[in-house]
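Make the full structure from the sequences, and use the hints.
Taken in sequence, the protein lines are chains A and B.
Sequence positions in the first sequence follow the working numbering and run 1 to 364.
Sequence positions in the second sequence follow the working numbering and run 1 to 373.
Heads up, some of the hints might be wrong.
If we take Cβ atoms under 7 Å as the criterion, some of the chain A residues that face chain B in the derived model are [claimed, not checked]:
| no. | residue |
| --- | --- |
| 1 | Gln65 |
| 2 | Val66 |
| 3 | Arg234 |
| 4 | Glu245 |
| 5 | Phe327 |
| 6 | Pro328 |
| 7 | Arg329 |
| 8 | Leu330 |
| 9 | Val332 |
| 10 | Leu336 |
Lysine-lysine pairs mimicking DSS-like chemistry, simulated, CA-CA at most 25 Å apart [said to hold, decoys possible]:
| no. | chain 1 | residue 1 | chain 2 | residue 2 |
| --- | --- | --- | --- | --- |
| 11 | B | Lys273 | B | Lys103 |
| 12 | B | Lys92 | B | Lys353 |
| 13 | B | Lys333 | B | Lys92 |
| 14 | B | Lys353 | B | Lys333 |
| 15 | B | Lys208 | B | Lys353 |
| 16 | B | Lys208 | A | Lys341 |
| 17 | A | Lys161 | B | Lys103 |
| 18 | A | Lys161 | B | Lys189 |
| 19 | B | Lys296 | B | Lys92 |
| 20 | A | Lys76 | A | Lys87 |
| 21 | B | Lys333 | B | Lys57 |
| 22 | A | Lys59 | A | Lys101 |
| 23 | A | Lys161 | B | Lys33 |
| 24 | A | Lys59 | B | Lys189 |
| 25 | B | Lys248 | B | Lys103 |
| 26 | B | Lys57 | B | Lys303 |
| 27 | B | Lys353 | A | Lys341 |
| 28 | A | Lys91 | A | Lys101 |
The set of hints was computed from the structure by calculation and includes no laboratory data.
Where is the CB? At the ideal position from N, CA and C, for every residue including glycine.
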Amino acid sequence: MKLILDISFSSFATGIHQWLVGAVHSEGLVKVIEMVIAGLALLVFLVPLCFILGYMERKVAAFIQVRLGPNRVGPKGTLQIVADTIKLLFKEGLTPNASDKFLFNLAPMIVVVTSMLVMAPIAFAKNFQIWDISIGVLYVSSISSIAVIGILMAGWSSNNKYSLLGAMRSGAQIVSYELSVGLSLISIVILAGSLRMSDIVMSQENGWWIFKGHIPVLISFVIFLIASTAEINRAPFDLAEAEQELTAGFHTEYSGMKFAMFLLAEYINLFVVSAIAATLFLGGWMPFHIGHWHTFNFVMDYIPSSVWFLGKTFAIIFIIMQFRWTFPRLRVDQLLTLEWKYLLPVSMVNVILVTVMAIMGWHF
Amino acid sequence: MSLLGEDIVTEDGEFVINIGPQHPSTHGVLHLKVWLDGETIKRIQPHLGYIHRSIEKMSESLSYRNFIYATSRMDYLSAHINNQACALCVEKGLQVEVPERAKAIRILMAELTRLSSHQLWWGCTGLDLGAVTPFFYAFRERESIMAIMEETCGARLTQNYCVPGGVMYDIHPNFRNRVKDTLKQIRSKFNEYEEILTGNVIFEQRTKGVGYISAEDAISFGCTGPTARGSGVSCDVRKLFPYDGYEKLQFKEILEQGGDCYARYMVRMAEMKQSVFIIEQLIDNIPEGEFQAKTKMVLKLPKGEFYQRVETARGELGVYIVSDGAASPYRIKYRSPNFSNLSALERMATGTKIGDLVAIMSTIDLVIPDVDR
Chain A
1 MKLILDISFS SFATGIHQWL VGAVHSEGLV KVIEMVIAGL ALLVFLVPLC FILGYMERKV
61 AAFIQVRLGP NRVGPKGTLQ IVADTIKLLF KEGLTPNASD KFLFNLAPMI VVVTSMLVMA
121 PIAFAKNFQI WDISIGVLYV SSISSIAVIG ILMAGWSSNN KYSLLGAMRS GAQIVSYELS
181 VGLSLISIVI LAGSLRMSDI VMSQENGWWI FKGHIPVLIS FVIFLIASTA EINRAPFDLA
241 EAEQELTAGF HTEYSGMKFA MFLLAEYINL FVVSAIAATL FLGGWMPFHI GHWHTFNFVM
301 DYIPSSVWFL GKTFAIIFII MQFRWTFPRL RVDQLLTLEW KYLLPVSMVN VILVTVMAIM
361 GWHF
Chain B
1 MSLLGEDIVT EDGEFVINIG PQHPSTHGVL HLKVWLDGET IKRIQPHLGY IHRSIEKMSE
61 SLSYRNFIYA TSRMDYLSAH INNQACALCV EKGLQVEVPE RAKAIRILMA ELTRLSSHQL
121 WWGCTGLDLG AVTPFFYAFR ERESIMAIME ETCGARLTQN YCVPGGVMYD IHPNFRNRVK
181 DTLKQIRSKF NEYEEILTGN VIFEQRTKGV GYISAEDAIS FGCTGPTARG SGVSCDVRKL
241 FPYDGYEKLQ FKEILEQGGD CYARYMVRMA EMKQSVFIIE QLIDNIPEGE FQAKTKMVLK
301 LPKGEFYQRV ETARGELGVY IVSDGAASPY RIKYRSPNFS NLSALERMAT GTKIGDLVAI
361 MSTIDLVIPD VDR
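If you want it as C-alpha cells, here you go:
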C-alpha cells in the first residue's frame, strides 16, 4: 500500500514531464503546461477539501454545542455543504452603487489566490510537492502577508463603515501577528538549518522537532498556533468580522459567490496554517518512530505518508476549531496587547534559546 | 477621506456609525447612533420608537381583565412577572384577598420565569462576547422550564397565567415532579456555566473594569435590578416592598460592589441560584385551597390612583393605574426597568471600545419591546 502510493505520486509527475518533453520539444512550454496542470490539480484538491472542512466545522461545533449538526441532506448530512455551495452560486452577487467596483470585485480574488499560492511548497506526501523552492518558509510567510491587502481592499472599496472598521482591525491584527508567526517559524529553521520544506521534513527523520527540541520548540509551537489563528482571522481573534460588533466586518457588503470566495479562503488558510504547523513541528509526512522499536517503526512505515501528513494536519485543524467554539472574542486593544507585550517578547527570547540549543547541539 | 458616495467621516472629523435598528447584538430593534474616534466611543445616542405599539394607550380601551395580556408583550422574557404586577395592582384597587395557594403558584412561576430569563441572558452574553457555545447550553436548560410553562399555562413565552384574584387554572398534576427534575438538572449545570464562561481569562478581561457606573450614578439614572445591584445599590423590590408572600421566604439580595460588567454578571449568576433556592422552599409547601378568588364578571376599580411595583428579571416594574370608576382604566403608565437602565448606557460606555459597548449592552440585559412599549 505504502509503496504503491509513494511511488505513484512522484513517478506520476516524472511520467507526465517526460511525456510532455517528448511531445512539445520546448522547455518553456512544458513549464507552462505543467504549471497549468499543477494549478488544476490544486483546485481539484481544494474544492473537496473545503467541503470536508466545512462539514467538519459544523459537526465539531454541533458536538461541542450539544446538538446534532447537519443530518438531513445526504448520508449523515454530508451533502449539506454542497447544497449550501449551490445556493451561494445561484445567489445574486450584489455590488453596491457607491463602492469602488473594480477593487470590490478584485478583493475576493486576491484573498483566494494568495491562500492558494501558499499551498505551493507544502509537502503533501513523500516526494509530492508542487514546488520545492529553496526559500520555502520565507515564501510562505511573505505570500501569506499579501492576503491582508485583499482584506483591506474589500473593506475600503465597500464604502461601508462597518467594513472599513473591520478591515482596519484586520490590518493591525495581521501585521502584528505575522511577527510572532515568523519568529516561531525561524526557531525551526535554525534547528533544521534550511528554509527548504523538504529539508525540514527530512531533518525530522529520527524524531519530530516537537519531541527533539525540548521546551523551546514546544513554546514556539504554542505561539505559532495562537498567532496563526489570529492571522487567519478565526475566533477568538475574529475581530475583522466580529459578528456581534461589526455585523460581518470587512465582508458585510459581499454576497453570493464573492462572499463564498472569502469563505473558501478562510478554509484554505485554515488548512495551510495547520499543514505548515504539521510540517515544521510534527514532521510533515514522516511517520511516527520510537527509537529502536524496529517492529513498531516498521508497522508505522506501512501507513502511507500522505495519511500521516493529512492526519497531523487535521489534528491541528481540530484544535483550532475547538478554540473557535469555546472561547469568547478578545477586544481589539487586548488583541494587540497580547501580541506586543506577551507573544513577541516571549518568542524573541525563545529564538535565542533555540539558537543556543542549536549551537550547543543540545537537541536530540 | 472621500469615496465614491458620501463622506464616511463628517466635516468635523467625526466617524458616526448606526448600530441597529437591525444589528446582531442589540437583541431587537434598538438603534444606537455612535460617535467614534477610531475604535473609541465618544458619544452614544439611543433612538427609540421602532417597536412602539402604544400598549399604554391601548389599555385605556380594554377591560381590567384584558389589559393584562398586552403586558406579556412588553418584557417578553418576564411575561409572567409583568402580568403579576398588573394583577396585583388591580387587586389593590378591588381590595380582593388572593388565596394563599394562588400566591405560592405565582411566586413559583415568577421565579421560574426569572431563572429562564437569566439563562437566556447568560447565553446571549456569551454570544455577544463571541462565544457561541454558551447560548446552546443555556437553551438546553431553559427548554425544560419552557416545557413546565407550557404544561401548566398553555404557553411557553407569553403565559398570561395571572388574572386578578389569582391564577387562571390550577397547576398541572405533573407540575411538582417536573419542577423538581428541572431544578436538579439546573443545579448540576451551574458548574458547567462557571467553567465555560465565568472562569475564562478572555471573558474576565472583557468584563472586569468595563462599563463602570457608580452607585450614585446608578441611582440618579434610575437603574434598578441587577444593573443597579452590580453597583451596590440595594433595590430588590422583593425584599424592600414584598408582595405575594415574598416576606415569608428566605433568600438573599445579591449585591456586588464592582459596578462593572463583571459585577453585573456575577449578580445575575448568583440570582439564578437564589431563584432555585426560593423554588425549592415552595415546591413542597404549596398550600391547599382555591387558586382564584371569587371576583365579579366585570371588574370596576373605584375612583382613584393605584400603584404596584414588582421585581422583574431586569429590575423594578411599576404599574400605575388611574381609574375614574369605569370598567376600563382611565390612564395606565408603566415604569419599565429597561428604559431607565438604557439611559445609563451612555455613561457606562463613553470612552470604551466598540467591543465593550456590546459587552455593556448585554450585561444591562435590554429587552427592547419593554423600552418602547
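Checked hints:
Because the smallest distance between the Cβ of A:Gln65 and any Cβ of chain B comes to about 4 Å, under 7 Å, the interface hint for this residue holds. Interface hint at A:Val66: satisfied, since its Cβ lies 6 Å from the closest Cβ of chain B, which is below the 7 Å cut-off. Interface restraint check for A:Arg234: the shortest CB-CB distance to chain B comes to about 11 Å, outside 7 Å, so the restraint is violated. The criterion of a C-beta within 7 Å of any C-beta in chain B is met by A:Glu245, whose closest approach is roughly 5 Å, and the hint holds.
At about 6 Å, the closest approach between the beta carbon of A:Phe327 and any beta carbon in chain B falls short of 7 Å, and the interface hint on this residue holds. Checking A:Pro328 against chain B by beta carbon gives a least distance of about 4 Å; that is within 7 Å, so the hint holds. Below 7 Å, beta-carbon pairs count as interface contacts, and A:Arg329 has one with chain B at about 3 Å; its hint therefore holds. Because the beta carbon of A:Leu330 sits about 6 Å from the nearest beta carbon in chain B, less than 7 Å, this interface hint is met.
The beta carbon of A:Val332 comes within 5 Å of a beta carbon in chain B, closer than 7 Å, and the hint placing it at the interface holds. At about 11 Å, the closest approach between the beta carbon of A:Leu336 and any beta carbon in chain B exceeds 7 Å, and the interface hint on this residue is violated. Taken as a hint, the B:Lys273 and B:Lys103 pair is honoured in the structure, with Cα atoms around 21 Å apart against an allowance of 25 Å. For the proposed pair B:Lys92 and B:Lys353, the alpha carbon gap of about 47 Å is over 25 Å, so the pair is violated.
Proximity of B:Lys333 to B:Lys92 is assessed by CA-CA distance (about 16 Å); at most 25 Å being required, the pair is judged to hold. About 36 Å separates the Cα atoms of B:Lys353 and B:Lys333, which puts this hinted pair outside 25 Å; it is violated. For the hint pairing B:Lys208 with B:Lys353, the CA-to-CA distance comes to about 14 Å; that is within 25 Å, so the pair holds. At most 25 Å may separate the alpha-carbon atoms for a hinted pair to count; B:Lys208 and A:Lys341 meet this at roughly 20 Å.
Restraint check for A:Lys161 and B:Lys103: not satisfied, since their Cα atoms lie roughly 53 Å apart, outside the 25 Å limit. Taking the CA atoms of A:Lys161 and B:Lys189, the gap is near 41 Å; set against the 25 Å cutoff, the hint is violated. For the hint pairing B:Lys296 with B:Lys92, the CA-to-CA distance comes to about 15 Å; that is within 25 Å, so the pair holds. For the hint pairing A:Lys76 with A:Lys87, the CA-to-CA distance comes to about 20 Å; that is within 25 Å, so the pair holds.
Proximity of B:Lys333 to B:Lys57 is assessed by CA-CA distance (about 9 Å); at most 25 Å being required, the pair is judged to hold. The straight-line distance between the Cα atoms of A:Lys59 and A:Lys101 is roughly 37 Å, outside the 25 Å bound, and the hint therefore fails. For the suggested pair A:Lys161 and B:Lys33, the alpha carbons sit about 13 Å apart, so the restraint of at most 25 Å is met. For the suggested pair A:Lys59 and B:Lys189, the alpha carbons sit about 23 Å apart, so the restraint of at most 25 Å is met.
Proximity of B:Lys248 to B:Lys103 is assessed by CA-CA distance (about 11 Å); at most 25 Å being required, the pair is judged to hold. Pair hint B:Lys57 plus B:Lys303 holds up; C-alpha atoms about 19 Å apart against a cutoff of 25 Å. This hinted pair checks out: B:Lys353 and A:Lys341 have alpha carbons roughly 20 Å apart, not beyond 25 Å. For the given pair, A:Lys91 sits about 18 Å from A:Lys101 by alpha-carbon distance, which is consistent with the 25 Å threshold.
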